[in-house]
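Work out the full structure, taking the sequences as your base and the hints as a guide.
Protein chains in written order, with this note's numbering: chain P, 2 to 193; chain R, 2 to 193.
Derived from the structure by calculation, the hints contain no laboratory data.
Note that identical chains are pooled: a pair holds if it fits in a single copy or bridges any two copies.
Each computed SDA-like pair below joins lysine to any residue, with the alpha-carbon atoms no more than 25 Å apart: (1) Lys6 x Glu34; (2) Lys74 x Asn53; (3) Lys48 x Pro76; (4) Lys44 x Arg134; (5) Lys11 x Asn53; (6) Lys22 x Ala111; (7) Lys83 x Phe99; (8) Lys185 x Asp24; (9) Lys22 x Thr115; (10) Lys11 x Ala111.
Small disclaimer: the values here were computed from a predicted structure and weren't measured.
There are 2 protein chains.
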Amino acid sequence: MKKLKERIIKDGVILPGDILKVDSFLNHQLDPELLMEIALHFKEKFKHIDANKIVTIEASGIAPAVMLGYVMKLPVVFIKKKVPSTMQNMLVRDVRSFTKQRIYTVSISADYLTQDDRVIFIDDFLAYGNAARGVIDLCAQSGSTIEAMGFIIEKGFQGGGDELRHEGYEVVSLAIVDRIEDSKVIFRETDD
Amino acid sequence: MKKLKERIIKDGVILPGDILKVDSFLNHQLDPELLMEIALHFKEKFKHIDANKIVTIEASGIAPAVMLGYVMKLPVVFIKKKVPSTMQNMLVRDVRSFTKQRIYTVSISADYLTQDDRVIFIDDFLAYGNAARGVIDLCAQSGSTIEAMGFIIEKGFQGGGDELRHEGYEVVSLAIVDRIEDSKVIFRETDD
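Dropping the structure here:
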């Protein structure tokens with residue numbers, strides 16, 4: 002997605018450890034108009050997918066997921082990064098965070114993810130794919146199927162996306178960062 | 002907002018301790034179409050407000066805030082419920098959670114909340130107003146001004162909203178729960 006890549010180059014910040022920060026439009030401050038364009042882009046990429054639900058992870062996944070849910074007319078469920086004390090009937094899984102070097106627990110209510118669900122999983126970033134593995138496991142626990150996954154930015158050099166594709170998952174990333182060189186983002190060539 | 006109140010009656014669940022759960026359309030599973038209607042409703046209520054930014058708190062505030070940002074053509078910033086290790090220049094404040102009976106730390110980057118900002122604060126719930134107090138303090142730290150606050154559901158019997166109104170804040174709540182009686186929600190009479 003050309004406009005997204007231009008925005009990453011313009012407003013993204015590279016920190017030590019190849020961390021790409023997009024806090025000014027995606028992870029802290031949000032640009033709703035860009036998010037709507039992202040949603041329309043995902044919708045086009047997923048037009049052959051027969052899904053009935055969008056699933057994402059709090060917090061940065063929620064904005065793109067709800068926009069996509071709006072344009073695809075589908076409900077959205079966001080996975081929580083903890084196990085809420087006031088919720089019952091939760092499916093639970095531990096996930097390792099690369100950026101934050103820690104383990105966190107993700108959970109989703111079995112009321113909102115069932116064997117009848119055909120899921121598109123949406124998230125802001127794909128790196129090693131640890132969050133995606135957590136979601137795959139929660140979907141397996143619930144008996145639901147993952148029809149496709151969509152990521153706004155994939156860090157291609159960390160390999161999670163290619164592993165998922167190799168395993169047969171349909172993975173759409175709107176901008177794939179092939180490498181970071183001299184604090185500059187180099188994108189993988191894609192068809193748009 | 003009539004449609005919202007009907008939905009709360011239809012799908013809300015009352016737990017012991019007067020906790021109203023709306024997990025099926027607002028706090029865990031999200032109904033994007035309803036969220037768009039909520040955003041349009043807020044936009045109408047705020048048409049006299051000269052704001053340049055929407056501020057909310059992760060996670061449940063993000064979906065309504067990004068929808069409102071979209072229809073009002075304003076950027077959104079979501080306050081984080083922790084202090085991220087990869088972020089600098091953060092404004093920080095402790096907040097007491099009534100529902101969860103604990104203290105948590107909220108933070109926002111001073112890069113995205115400055116003295117030039119005229120803020121509409123959006124959140125899913127208003128109860129005692131503790132989160133709102135945290136946001137008021139973060140805005141004071143940054144030098145920004147709060148032009149208005151919008152909440153989807155206000156628990157009127159917990160008093161936070163009326164206190165804020167008494168202090169002169171413009172507080173718009175789309176559904177005000179006056180009390181919970183025999184596990185039934187009784188709404189305050191409002192003009193729509």
